[in-house]
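Single-letter residue listing:
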Amino acid sequence: MPVDHSKNIIETKNISFAYGKEDVLKNITLDIHQGDYIGMLGPNGAGKTTLFKIMLGLLRPKMGTVKLFGEDISKFKDWQKIGYVPQTATNFDANFPATVFEVVAMGLSKKSHWFNRKTKTDLKRIATALEEVNMLPYQDRLIGDLSGGQQQRVFIARALVNNPEVLFLDEPTAGVDSATQNGFYEMLQTLNKNLGITLVLVSHDIERLTKEVMHIVCVDRTLTCHTSPEEYLKESESTNILGHKYKILPHNHNHKK
Amino acid sequence: MFSEIFQYGFILRGFEAGIIVALIAPLIGIFLVLKRYSLIADTLAHVSLAGIALGLFFGINPILTALGTSVIASLGIEKLRVSKKIYGESSLALFLSGSLALAAVLLSLAHGFNSNLFNYLFGSIVTVTQTDVYIIALLAIVLFSVLAFFYKDLVYLTFDEEAAKVSGVKTKLINSILIILAALTVSLSIPIVGVLLIAALIVIPVITALQLRKNFLKTIVYAQIISLISVITGIFVSFYFSLSTGGTIVLIMLAIFVLTLLIKKN
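Listed in order, the protein sequences are those of chains D and A. Heads up, the first sequence is in the numbering used here, so the first residue is 1 and it goes up one at a time. Heads up, the second sequence is in the numbering used here, so the first residue is 1 and it goes up one at a time.
Think of the hints as simulated: they come from the structure by calculation, not from any bench. As the structure is a prediction and not an experimental result, all values here were calculated from the model. Any given hint could be a false lead.
Unchecked claim - Capping the alpha-carbon separation at 25 Å, the derived lysine-lysine pairs in DSS-like fashion look like this:
#1 D/LYS62 x A/LYS172
#2 D/LYS118 x A/LYS214
#3 D/LYS62 x A/LYS79
#4 D/LYS62 x A/LYS85
#5 A/LYS214 x D/LYS124
#6 A/LYS170 x D/LYS67
What the hints assert, rightly or not - Not close to chain A: a few residues of chain D, all C-beta gaps over 12 Å, as computed:
#7 ASP23
#8 TYR37
#9 THR180
Glycine included, C-beta positions come from ideal geometry on N, C-alpha and C.
Construct the entire structure; sequences and hints are all you get.
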């Protein structure tokens, strides 16, 4: 796919959001271009997941507009262009009776299947998506029997099955050991470079993120930075406060549902 | 040796209705169990009882009135759940006891507190008429078709509602369809196991099949097999030993469940 870095895939303008009376996001204006690889940083409760959910139409902003592929989100229909791996993806019921194949098949965009009958194209798409994340040999295993890192790959395959143009990943490496993470980030690079898929990634791993992504976006209720990884590192070294804030990231996952 | 049992028309009708219900209940049950909605079956069963009371009171076929009330109530329950004005379980309790109260009042008005009521509470295949069998068969076809058509969306929504929504699944619609289908299933199952035992019919074969750790489709098929075996042997056993049909069926299901757990443990 030819990548046009000047093309806006997602445009948010003056987004504000509140849970009850508490402001979570204020005046966020952010454009994401085709082929971007964006790392989103911010402390706990800074509104990163909320911003994701607004961009995906799961939450409606109190103020502001969201455009997906140039179209207002309320009119947007091409959801197969967007892949999403929620933070809670791996929080599923480990006894859920679905194989890796079945999980990936859930993502197929085609609306109605009589008892999920799949065409040859469907089967090929599932196989390709599983191959892209190196999980094809596991397709008949139950999802609950896999390790956290393997499950995460399967959820990415599910998001990839419709050949999306953009992939949203909310803390995909939470709870995954560092050896597995290496392979995971390598895979993301391949998706971005070889397949031209735009990636938007929330993570707490600053060190890793600054090595991998093209742009860093900092969210702390407002947009506090939008810069290159090099600039970000320079800034945070010179600003001790920022450095403290982001280098030692106390993070627990108790806020997950 | 079993030829005697088939000389009775009511037994044949019981088998017909029982087999249909045995095949349909796990189809809905798997989604309810995995979505942690198991108790909705019980609630809708009590709502159906109010429907039956309405039918007896006005002299309409009770299966039809049970269908109507449970479908309407199912939509009410779903609406309350989505609005989050009251907790999910509380809305179930509200509908369960509310409809039981309505049923009690209506039945006392219709002088329905007799052996007839016992049949509805615990199931009695004796009460199954030929018209009932036709209604059950027709609705089973509708239910099966709708389920088959929305199968993929239902599975996705059950597994991960948020991701399903992003990928374009109309989650509100699908949730409503699921609960309406649950209402239909519950009403259809009343003649076989009765109001008080329906939840067992919908839940136990599914949780048994889940122990086998197979894929989604296979889990459904195994649940149906378990359900069929239980219903057929249940009808036989209850006939020869003059036992409550519904009770016998549910006890057989429980026995299979316990057996599965024991085998799995070893």
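Below or equal to 25 Å on CA atoms is what counts here, so check D/LYS62 against A/LYS172. holds (22 Å)
Can the restraint linking D/LYS62 and A/LYS79 be considered satisfied, given a maximum Cα separation of 25 Å? holds (24 Å)
Verify this label for me: D/ASP23 is non-interface relative to chain A, using a Cβ-Cβ cutoff of 12 Å. holds (22 Å)
Taking only the CA atoms, is the gap from A/LYS170 to D/LYS67 under or equal to 25 Å? It holds: about 20 Å lies between the C-alpha atoms, which stays within 25 Å.
Pair hint D/LYS62 and A/LYS85, alpha-carbon separation not exceeding 25 Å: holds (21 Å)
Agreement of A/LYS214 and D/LYS124 with the hint, judged by alpha carbon distance not exceeding 25 Å: Roughly 23 Å between the alpha carbons, so the hint for A/LYS214 and D/LYS124 holds.
Taking 25 Å as the top limit, are the C-alpha atoms of D/LYS118 and A/LYS214 close enough? holds (20 Å)
Does D/THR180 really sit off the interface, with its C-beta more than 12 Å from all C-beta atoms of chain A? Answer for D/THR180: holds, closest chain A Cβ roughly 22 Å.
Given as non-interface: D/TYR37, which should sit over 12 Å from chain A by C-beta: Non-interface label stands for D/TYR37: nearest chain A Cβ at 20 Å, farther than 12 Å.
The structure fails none of the hints (numbered hints given earlier).
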